[in-house]
Structure formats: structure tokens, C-alpha cells
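Trainee: In order, the protein sequences belong to chains A and B.
By the numbering used here, the letter at position 89 of the first sequence is numbered 89, and the numbering carries on one by one without gaps.
By the numbering used here, the letter at position 6 of the second sequence is numbered 6, and the numbering carries on one by one without gaps.
Nothing false has been slipped in among the hints.
Pulled a few chain B residues facing chain A out of the computed Cβ check, cut under 10 Å:
id	residue
1	S43
2	V59
3	Y91
4	G119
5	A186
6	E193
A short list of chain A residues far from chain B (calculated; beta carbon distances all over 10 Å):
id	residue
7	K26
8	D70
9	A89
10	R164
In case anyone wonders, no lab produced these hints; they're calculated from the structure.
Built from N, CA and C at the ideal position, the CB exists for glycine as well.
There are 2 protein chains.
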Amino acid sequence: MDQFSQDFRNDLTELMRWRRDVRHFKPDPVDPDVLSTCLGAFSLAPSVGLSEPWRLVQVQSAERRQNILDNFKTANAEALAGYSGERAALYAGLKLQGIKDAPIQLAVFCDEQTTKGAGLGAQTMPEMRRYSVVAGIMNFWLLTRAHGLGVGWVSILDAARATRELEVPEGWRLVAWLCVGWPKDAKDVPELETRGWERRSATPPTLYQR
Amino acid sequence: MDQFSQDFRNDLTELMRWRRDVRHFKPDPVDPDVLSTCLGAFSLAPSVGLSEPWRLVQVQSAERRQNILDNFKTANAEALAGYSGERAALYAGLKLQGIKDAPIQLAVFCDEQTTKGAGLGAQTMPEMRRYSVVAGIMNFWLLTRAHGLGVGWVSILDAARATRELEVPEGWRLVAWLCVGWPKDAKDVPELETRGWERRSATPPTLYQR
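Sequences and hints are given; from them, build the entire structure.
Mentor: Shown next as C-alpha cells:
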């Protein structure tokens with residue numbers, strides 16, 4: 001099938017609208033088969049030279065989960081110290097991660113040294129490998145949401161420390177920490193907007209001309 | 001609507017399967033309303049701190065289109081020089097871009113200095129802004145394909161030169177050059193695979209445990 005209906009396009013747009021960065025999760029477990037189906041979306045993502053540089057680590061050990069929570073808390077305290085007045089009060093009240101709550105914790109790396117794809121397309125812009133990993137994450141995020149699951153992307157982290165503590169192979173670089181599980185509630189408005197931090201644009205981005 | 005059916009999930013997976021990096025385009029124009037609808041998918045993408053750092057430039061002037069083609073040719077000749085033997089012959093035979101053919105040429109930048117979002121989530125990992133731009137590109141790519149259009153992402157470029165020649169504001173960094181138009185044919189197998197450069201994985205990625 002390579003033709004898609006207007007109904008499908010409408011539903012796809014709704015999916016994008018309802019895809020959220022989720023920070024509030026129920027403790028309910030995620031069926032491993034559903035997780036595996038969603039992870040399959042990585043393999044359908046574009047990757048530079050077909051290098052498929054995504055590397056996925058599920059973090060289950062209590063010690064390592066505590067490590068990443070400590071890592072977040074340190075980085076978050078430093079971030080908070082950079083704000084003052086009302087912004088600081090607002091920031092302090094935000095819940096920015098579901099590391100303790102979400103049953104699935106995924107560290108997503110880019111293998112910067114992969115030989116797959118033989119370097120095609122990544123000579124002048126080696127960051128294309130990391131961008132390919134983000135493309136995989138987006139596919140995963142959308143399919144996961146279509147299953148009713150939620151994803152939260154945590155970036156308030158010392159990435160080098162997280163990488164070290166996970167003892168991954170040389171050359172892997174952390175792109176994302178994802179919390180995955182059943183969301184406490186479905187919302188089509190980002191929490192940062194509800195809480196008054198920032199607003200989304202209601203229109204397509206400006207198309208500058210050259 | 002926040003519930004999605006199994007039929008929708010199947011169609012979404014098909015969309016991901018049929019989404020291709022397109023390098024062969026028909027010269028037919030693209031309806032500006034359809035383009036605008038697809039660009040709206042950027043505004044539905046996740047962005048760190050709701051910073052929405054994507055900046056889109058449509059390149060129409062003949063001179064600037066020639067510039068980017070020259071830029072590609074130089075970078076591509078250098079890339080080719082890095083291969084030898086059969087790999088070099090194979091590389092030389094690949095069509096890796098549709099800069100001349102596709103009616104819509106989009107340079108996609110990240111505004112590294114945007115104040116939107118007040119820096120939330122991007123203190124320790126400022127690359128999150130660029131990753132947000134990639135998230136927007138993926139939303140756009142999927143919706144574009146759902147409309148029957150094709151997208152090709154060109155990365156064989158000197159990004160600094162392309163940025164300079166487009167005279168964009170200080171602090172904008174090139175993330176992608178996208179060729180957009182009607183594909184000559186629909187394929188569910190990547191051209192790099194058909195031509196024997198590299199193969200896609202048929203299974204989800206390995207889930208390493210820690």
C-alpha cells in the first residue's frame with residue numbers, strides 16, 4: 001500500500017496533536033510484545049547511508065535507576081539556579097521526568113563508530129548519525145502513542161556521566177533518555193503550556209524565501 | 001480523540017514502511033496549500049522547552065539553487081575519493097539528491113539562540129534544540145508522504161558554506177536540506193538497498209539490558 005486516505009491523514013494529524021512528552025505515568029507494566037512492536041518502528045526510520053546507528057539500552061537495575069535519578073536531580077538543581085524570580089518559582093514547580101514512575105527506562109545511544117552504511121552521507125555532517133537516531137525515536141514515539149502508551153524524553157542530564165555509568169561500548173553517545181509507560185491521563189496540550197512556561201505556535205512555521 | 005484503532009496502527013506502520021528518501025522527482029508543482037498543511041506538522045512536533053527552534057527557508061532563486069548543487073558536487077567528489085574499488089564504482093553510480101528536479105527546496109535550520117522556552121531542558125544538552133528540529137522534520141516527512149509527496153534529505157554538503165550563502169541570521173545552524181516534490185515512483189525498499197550499498201534490518205533493534 002502506498003496510497004493514504006484523507007481519513008488516515010486526519011488521524012495521523014490527530015496522533016501528532018495527542019503525542020505528548022509524558023511525565024506522569026501509572027505503574028502498570030507494559031506488555032513486552034507491544035514494546036517490541038513499537039521498537040520495530042526504529043528499523044523503519046530513515047538513517048544516513050542505512051547505517052541504523054541507534055543502540056537501545058533498557059535500564060532495569062535499581063542501582064542504575066537511582067544513578068540516573070541522582071544525575072537528573074543534580075542537573076535540574078543547576079538549571080533551577082539559572083532562573084530567578086517568578087521563572088524560578090515556576091520552574092521549581094514543574095515535574096520534568098518520570099524516571100521513578102515509568103516501568104520502562106530506555107537509554108538511546110548513537111554508535112558514532114558504526115561501519116554499517118560505510119560512512120555514506122556522513123562525511124561532511126557526521127551529526128547525521130545522531131539525527132538518524134532522533135528519526136528512530138520519533139517513529140517509536142508516534143507508534144507508541146498510537147498504542148495508548150506515553151513517552152517522556154529527559155534531557156536534563158549530564159550525558160557523559162550517564163554514558164559512563166551504563167558501561168556501554170566505546171563510541172556510543174547518549175542521544176536520549178526515554179521514560180515509557182501508561183500515561184496517567186491523556187492531554188492534547190503540553191504541560192509546559194498548561195503551567196504557563198511557554199506556548200506552542202498555533203500555525204505552521206514561517207516559510208522564509210531566498 | 002486520543003484512542004487509535006488497530007487499523008490505524010497498521011496504516012501508520014505501512015506509512016513508515018513506504019516513507020522513503022526520494023531522489024527521483026517529477027517536475028510537477030506542489031500545491032502551496034498542501035505544502036502549508038504538511039509544514040503544520042512541524043508545529044505539532046516535540047521541542048525542548050517548547051522552544052520550536054526550527055527555521056525554514058524555501059530556496060527558489062536560480063543562483064542559490066546552483067550554489068547548493070555546486071556545494072553538493074564538491075562534497076560528493078570528496079566523499080567518492082574516500083572509497084576505492086567496487087565501493088567507489090557503486091558510490092559513483094548512486095543518485096544521492098534531487099536538487100535539480102524537486103520543485104521545493106527547503107533549508108532547515110536550528111535557531112541556536114532562540115529565547116523561546118527560556119532554555120528549559122537544553123542546559124546540559126544544547127543539542128536538544130537540533131534534535132527538536134529533526135523531530136519536526138520527521139513529522140513533516142511522514143505527513144508529506146501520507147499526501148503522496150516525497151522528501152529527500154541531502155547531507156552531502158558543506159553546511160557552513162550553505163549557511164553563509166543563504167544569508168540567514170546569526171546563530172542559525174543548518175540541520176537539513178530537503179528536496180520535496182512528487183516522486184517518480186513509489187518504492188518500499190530503500191534505493192541504497194536496491195543498489196546493493198547496504199541492507200536494512202528486518203527486525204527491531206537489539207534491546208540491551210543494564
